[in-house]
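Engineer: One-letter residues, chain by chain:
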Amino acid sequence: MRAIATGLFTDEAEPRLIGGKDRETGRIVFPCPAASTYEPVPLSREGSLWSYTVQRYRPKTPPYAGPEAFKPWVVAYVELPGEVIVEAPLYGVAFEDLKIGMPVRFAPAPLNPEDEGSVFIPAFEPAGDAA
Amino acid sequence: MSGDVCIVGIGIHPFGRTDGLSGVDQGVFAVRQALADAGVEWPQVQFAYGSSDAAGNPDTMVDRLGLTGMQFINVRNGCAAGGSALFSAQMAIKSGEFELGLAVGFDKHPRGAFNALPSEYNLPDWYGEMGQMVTTQFFAAKIMRYMSMFGISQESLGRVAEKAFRNAVHAPHAWRRQPVALEDILAAPLVSDPYTKYMFCSPAEGGVALILASEKKARELGKPLIRLKAATMRTRPPSSFEVFAPSVDVVADDTRPRGTASRIASADAFRLAGIGPGDIDVAQLQDTEAGAEIMHMAENGFCADGEQEKWLADGHTEIGGALPVNTDGGCLACGEPIGASGLRQVFENVVQLRGDGGGRQVPNSPKTAYSHVYGAPGVSAVTILER
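Protein chains in written order, with the working numbering: chain A, 1 to 131; chain B, 1 to 387.
Treat the hints as calculated values from the structure; they're not laboratory data. Heads up, none of these hints are tricks.
Selected chain B positions facing chain A (Cβ under 10 Å, derived; list incomplete):
#  : residue
1  : Leu-117
2  : Trp-126
3  : Met-133
4  : Gln-137
5  : Ala-140
6  : Met-144
7  : Pro-189
8  : Val-191
9  : Pro-194
10 : Tyr-195
11 : Ser-247
12 : Asp-249
Keep in mind the model is a prediction, meaning the values are calculated, not measured. Using N, Cα and C, we set each Cβ at its ideal position, and we do this for glycine too.
So here's chain B without its partners, still in its complex pose:
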C-alpha cells in the first residue's frame, strides 16, 4: 500500500456510568457515530478489530450493525487492548489486503476497585489471601520510589489531578466534569500513600470507535487526512517493576529508572514516525493515577526524570502550555473502561487535530498528537497522529 493509514471517522459513547446500557450497546453507539462521521455505511466496512475486557465478545455487535459476513476479530490484551485493536487494524490496511476497517473498544466494569484473582495472573492463591492482589499498591509503591529518587512532591501529584478535572469540564464524553481545588485534592483521604482518592481513576464504562482507511480511500471519501504515522504495542523488558509482582529483580545500578514496556513502545513509535518528542504538539498519556502521568512524561521521552516538578509548576502540560497532556481529563476524569480507554486517547487526538476541541482545544492548530497506554502485566501501546 502506498501512503499512510488515515483515521476518517470517530465515535464515542460518553464514559462513566450508564445504567441500562450494556457494554456492547455503548460500542454499537460509538460505531454508528463513527460511520456517520466518516460518511460510510456499515456494509462498506471490510473488517473490524474489537476490544473488551469484561463486557463480552465484541464481534457479537454484528447482530446489531448488520450481518454482512465481514471479518471481525476480538482482542483481549489488558489495558493495551484498545491500542492492540488499533495496531492490528492499521496492519490489515498496511498489508494492502483491505482499504476500510474499524477499531472498536468498549467495557463495563463493576463498581469499586478492579478485583483480580491470582489464578488469572499465574500467581499462587496465598498472594491474594494476604491482600496483595490490589493494583493500587503497585502504582503507589512505584511512584513512592520515583518521588524519592527524583524529588517529585505530593503537590505535583495534586496538580495533575487538578488539571484533569479542569480539562474535563470542556469534554462532553468525560465522567467527572467538576473542577476540584488543589487543596481539596491534597487534603482528601489517602487510598494508598502517597495517593489520595482524587489521584486514582476508577473502573468505568464507555465505548469508542475509529474508522480507518487507506490514504487513497480517505481521499475518495473527501475527509481531512489524519494520518496514523505510528502504532506500536510492546511487552516488558527484563528487570522491570510491574503490577502484581511478588518479587522484582535486583540490578547493579538502581539509581536510574528501570526499563519499561512504555519506553520500548515509545522509542519504536518515534522511529517509525521519523520525528522526536520535541515535535509533538499534544499528548494523551496513561494516567490511571496522577503519578503515572508524571512518570510517563519521562518514559515517553518528553522530559528528563525529575523535570516534571518544574513542568507542572510552570504549567507546561496545561492546554495552553508547551506540551498539553490529557486534554480531555484522561483516565482520572474519564474513568477506565479497559477495552475503550486507549481508543479514547486517539479519539481525543483526532478531535484536537481537527480543531474541534471547543473549550479544551489546544491553540495554534496542533499538527502532531501522541497517545500512550500502559497496563498489567507490563504492556504498552503508543500511537502518533499527524495531519
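Here chain A stands alone, though its shape is the one from the complex:
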C-alpha cells in the first residue's frame, strides 16, 4: 500500500493515522507538522462521526487528482476520542444511513479504486453496529 504522502499513517498491518502532538501543550493536530515542536503520535483507529457532508460534484483539477469518472463521496469529520477530529472520506455507507455519532474505523482506501496502482488516502468505514 503506497500512501498519497509520507508520514500520514503507520505501515502496520492495520495502519493508524499519525498526528502531531505539541510537545509543550499536548494539543494534537493532523497531519503532523514538520516542526520539531511536534512529536508524531499514532492515533486511535476507532472514532465517531462528528459531522459530514456529501461531495456531489467533481472538484476542480488541479488540485483534485481523483478519477475522471466522478462518484459522490462522504466528506467526514471523525472524532478520535481525547485526541483530535480529523477530516477524511467515509466509504461503505449509504448516504441516507449517515448519522452524527455513528462509530467508524480507520481504513485507508485507494484514491482511484479502478486503478490497481492507485495511491492510498486516509479514509474511514462504518464500525460496530453500523458496519
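Fit chain B to the known structure of chain A by using the hints.
Structural biologist: Quick look at chain B alone, frame taken from chain A:
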C-alpha cells in the same frame, strides 16, 4: 478627533457578471458615484484603503481618478477585506490625521466555485489531491452539525434562500432578482448535503465605494449624519472550526457552539457602540450559504442557538419583521465579489438608514444598522451604523 466618523457618500457598481468591464473599472464606477453622492471632488479625498482579492491592485485606480499624490493602501484579508479597508479608513480619521477618505472594494472572479490551492493556505498538496480543497464541504459540514445540535430543519435553510431572492427583487444592485419558490429551492439538486444549489452564493463581480468624513467635515458638507459607531475586525479563537481544516480540536464540552471570530468581532462592536443586539433595527449578516445566515444570527448575539427555527417560521427576519436580515438579498442574491462584499453590506445599511430602500425599505425609519462578514481562514469584520 471629537465626534464620530461619518459615511457621507456611497456608490456601487451592480453585482453579478459584467463582461467587458474589469474589476478596477467597476471600482472606479463606484468611486465616481460615491463622490457625486457626497458632493466632493476627487482631489479633496486625502486617503484611500482599497480591497480586491482577485482583480488586481486597487491603488492602480488613481490613473483613472486623478494623480493627486494621495495616500492609497491596498488591503487583502480574505472575505474580511472590505471590512478591513473600512476599519482602517475609520482609524485614519479617528487618529485626527485626516478628515476625508475613501474605502473601496471590487472584485471579478472566474465562473464556478472558488478554486483555492493548498499552498495558498499553508496546506500539503495531498489535501487538495484528495478533493478536500473545497469551501462548500466546510460550510455544509458546519451546518450539518449545527442542525443536529440545535434542531434546525432543511426547510429553514430554504426559507433563508427564498427570502434572499424575494428581497433582491427590489435591489437594483443585486444579481439574482427573480423570486424562487420554497418548494423549488428544497427540491433542487444537492450540491453538498444539506445544501441545494439555491442555498449557496456564487463568486461574482462588483464594486462598492464609501466616502468617510470626520463629523466636523460631514457637517460642513451638509450631509445627513450616518455615524460609524463601531468597525471591528478579528481573527479566530482556539478550537474554532474553520474552512480548509484537516483537523479540529477536541473540546471538553462539545454540546455548545464553539468560539468564532464572528463572536469576538460582534461582542467588541457592541461594546464600542455602547448598545446591544436588541437595539439593532436592520442587519446584514454573512450568508455565503443559507445556513451561515442562521448560525450568524446566533453568533452575532441576535438570538439563542436553535431559536432561528421559530424566527424564520414567524418571519422575524423579513423586511417588515422584528429584525430584517439581508434586505438586499445578501450574498445569496448578490453573489460574492470578495473585495467588495463586506462594503456592499454597509452600502445597503446606509441606504436603509437614509430611507432610500424603495420596495425593500425597512419600515418605521430604522436608526441603527449592523453588518457582519466571515471568511477563511477564520476572520470576521463587523460594523454598527447609527443615524
